[in-house]
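K.L.:
So the sequences go chain by chain: A and B. Residue numbering for the first sequence follows the working numbering, starting at 22 and increasing by one per position. Residue numbering for the second sequence follows the working numbering, starting at 17 and increasing by one per position.
A portion of the hints provided could be inaccurate.
[Stated by the list, open to error] Cβ-to-Cβ under 10 Å is the rule here; a few derived chain B residues that face chain A: (1) N75; (2) A88; (3) A89; (4) P99; (5) A337.
[Said to hold, decoys possible] Far from chain A by the CB rule (all over 12 Å, computed), these chain B residues: (6) E56; (7) Q156; (8) F213; (9) L248; (10) T250; (11) L268; (12) L275; (13) L278.
These are calculated hints, taken from the structure and not from any lab test. Using N, Cα and C, we set each Cβ at its ideal position, and we do this for glycine too.
Next come the chains, spelled out residue by residue.
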Amino acid sequence: MGDEALILARLQFAFTVSFHFIFPSFSIGLASFLMVLEGLWLKTGRGVYANLYRYWLKIFAVAFGMGVVSGIVMSYQFGTNWSVFSDKAGPIVGPLMAYEVLTAFFLEAGFLGVMLFGINKVGPRLHFFATCMVALGTFISATWIISTNSWMQTPTGFAINAQGQFVPAGSWLPIIFNPSFPYRLAHVVLAAYLTTSLVVGAVGAWHLLRDRTNPGARKMFSMAMGMVAIAAPIQIFVGDAHGLNTLEHQPVKIMAMEGHYESHPHGAPLILFGIPDPAAKRIDYALEIPKLSSLILKHDADAPLGGLDAVPDELEPPVAVVFWTFRIMVGLGMAMLGLGLFSLVGRVKGRLYSWPLLHRLAVAMGPSGFVAVIAGWVTTEVGRQPYTVYGYLLTAKSHSPLEASAVATSLLTFVIVYFIVFGSGTYYLLRLMAKAPAPHETEPAATPQRAAGITPAPAFAKD
Amino acid sequence: MSYSLDLATVWAFILAFAIFAYVVMDGFDLGIGILFPTLEVGDERDQAMNSIAPVWDGNETWLVLGGGGLMAAFPLAYAIILPATYPLVIAMVLGLIFRGVAFEFRWRDPGHRAFWDLAFSLGSIVATLAQGIMLGAVLQGIHVDGRAYAGGTLDWLTPFSMLTGLSLLASYALLGASWLIGKSHGSLQERARKWAFRLGVLTLAGMAAVSIATPFLAIDYWQRWFRMPGVLFTAQVPLATLVVSGLFFWSLRRGRERLPFLLTLLLFALGFVGLGISMFPYVVPQALTIWDTAAPAGSQIFMLVGTVFILPLIINYTAWAYYVFRGKAATEGYH
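Generate coordinates for the entire structure from the input sequences, incorporating the hints supplied.
P.N.:
Here's what the structure looks like:
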């Protein structure tokens, strides 16, 4: 069992989890959006909401299916590739993930069928209930899995038994509500809402550029931009709080994010840009603002901040990866704030639906949520290295006793299959989005109610 | 050996229930995937697909519960069985990916429907074979050293595991065929009935072959099945299987629509009891028992508290979802 197998296993996990994370970060937000649309339709009876609901439901079905199948891969990969981690941390992370299955996955899956196919079988109120349950399921799912991940980042409430396993020390509350959990959960859920808003906004803008009178496009663009304008500033605030929490519990990760190779006893600079040189342990061509890092992180310009020079080399995360992905995430966050403000200006000036520059920018920002989510995820996960359970279990001591050739084969297969399957899926999603929301679709309740199960119900009008 | 009702035993039964629920529920929708190439393009395939489209996702969730629950309640078993069957697990999840996305993609892209239908079918076949071979791999024993798997990448590959793989293929296809009898009409129902006959024969042959081969594996299975007075109990399993299979063929001949599926479920239940007799209380035969691999009580109690409330709730709303989509399936999607 050499280093090769370990590196391949890490690559495989990174590849499959990154792909997987794309879908929930979209479907968490989209499920809530659908819930709001159906709720508004039930309340106001306005057809535009029902049309938008049907339009986005088709997209949701494709995205959700891909999330389900890429998620099954994750639930088995802990055992196949990280068996030592599973044995040792299983008594803690296992129950958290089992609760995710019991309280979230079944809820989503049980009501998804009714949500997708049941509108003519159960009546509008029960159907709305099914939509709410799916949305609730996505949120509960995020809560448990983020709790699990956060425990790996900031483990608390455990003891280590004679077999070397992490076991609950007593109450489960300190395990579930570990120090980084509330911050990470808020940050991830907001990221999901932003990601979805940016996609919905881009689709609305795309169709507004072609026909600014399309009522569906107007409504979705307005709702999405409203959400971006509200969520982007909150996200920046939450992200900052999350960073302070990380400084308290994982200071080395912050050093890597900030690119602080050296300790700064009298106030650390904020490095805006630069090129990390891991061999020489310095940031080349650094563009920095003196003392700003101390001001942000410690709220005191002269506060001392430690650097990686105080950390043994073998306990350092890969600085360049963390440094770059963090900047990508923050940069995109600022761009989202800019788009939100721009849309507010458009709204005030009454040009929200007739400002091509705004629409083009919204289209360009469509995928930015996904990029920011993945970049942020890489920052926090690579920043946790060289540990799986931070401070206690090394990644190099977590993996399965597999032959490198077996892992190489599976990794190659995953790459090929994912590109075929999820490439096709993304193409189908884009094709659905390229179609303008039809203004005259029949409304769910207008379709005659049929006796359940006897005659084929056309459910949603075809378009 | 004590069979008192302790935590590990309770969890073994809960997980056995989850695995059984998975096997019969995903079994019939995987079975439809296996039968798919024999169905006519057009109405037959669309109707078969629509009969499972609203429920397949829920069915597959039991697999995630099986995996997650094993990691949570018996982490050491999870950490040994999965590396031991590595290529099979990877093949299974890849198969499930192809068949899972096909549900949506085949409607989204009529130009490539033939491709996604093939993906649906091959994915189902690969996933089923992988599960069946895994069963054989566990039954024939796994090389354990300390707290880790100590064998090679292909240890699972034996004639016995091939036999269990092929048997499961026949059994899932049988579940799919008998499900379709109840959910379809016309030519599809006729076809499903014909297949149910043939697959019924094949499944019983598979069950018999596995049952005969198992006691000859170099493990104490012989003792478990044929020692007095236990044999008075264990003999009931093959006897009941004979009775149920007789009823099954009778119900097919009488043209019953729902009974064949229910009897197939019973057949699976009996096979499952047989596996229980062979294995309990081992998770890795001859190497590790449920008590060797159990998570500490603190973990098992924490999960048990939630499970006793949530599992009945899950069963209820799952039953409701099946009830909403009762009756014959339509030939068109919601698209």
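K.L.:
So, for every hint listed, does it hold in this structure?
P.N.:
Status of each hint after checking the structure:
For N75/B, the shortest C-beta to C-beta distance to chain A is roughly 8 Å, which falls under 10 Å, so the interface hint holds. Hint status for A88/B: holds, given a least beta-carbon distance of 3 Å to chain A, under 10 Å. Using the Cβ-Cβ criterion of 10 Å, the hint placing A89/B at the interface with chain A is satisfied: the shortest such distance is roughly 7 Å. Interface hint status for P99/B: upheld, as the beta-carbon distance to the closest one in chain A is roughly 4 Å, under 10 Å.
For A337/B, the interface hint holds, since its Cβ comes within 10 Å of a Cβ in chain A; the closest pair sits about 5 Å apart. With a cut of 12 Å on Cβ distances, E56/B stays outside the contact zone with chain A, its closest approach being about 18 Å. Non-interface call for Q156/B relative to chain A: holds, since the shortest CB-CB distance, roughly 19 Å, exceeds 12 Å. Every C-beta of chain A lies more than 12 Å from that of F213/B, the closest at about 27 Å, which supports listing it as non-interface.
A cut-off of 12 Å between C-beta atoms confirms that L248/B is not in contact with chain A; the least separation is 38 Å. With 12 Å as the threshold on Cβ separation, the claim that T250/B sits away from chain A holds: the shortest Cβ distance comes to roughly 32 Å. Remark: the non-interface label on L268/B is consistent with the geometry, its nearest Cβ contact in chain A lying 23 Å away (cut-off 12 Å). Here L275/B stays apart from chain A, with its beta-carbon at least about 19 Å from theirs, past the 12 Å limit.
Every beta carbon of chain A lies more than 12 Å from that of L278/B, the smallest distance being close to 18 Å; the non-interface claim holds.
Going down the numbered hints, you'll see the structure goes against none, and every one checks out.
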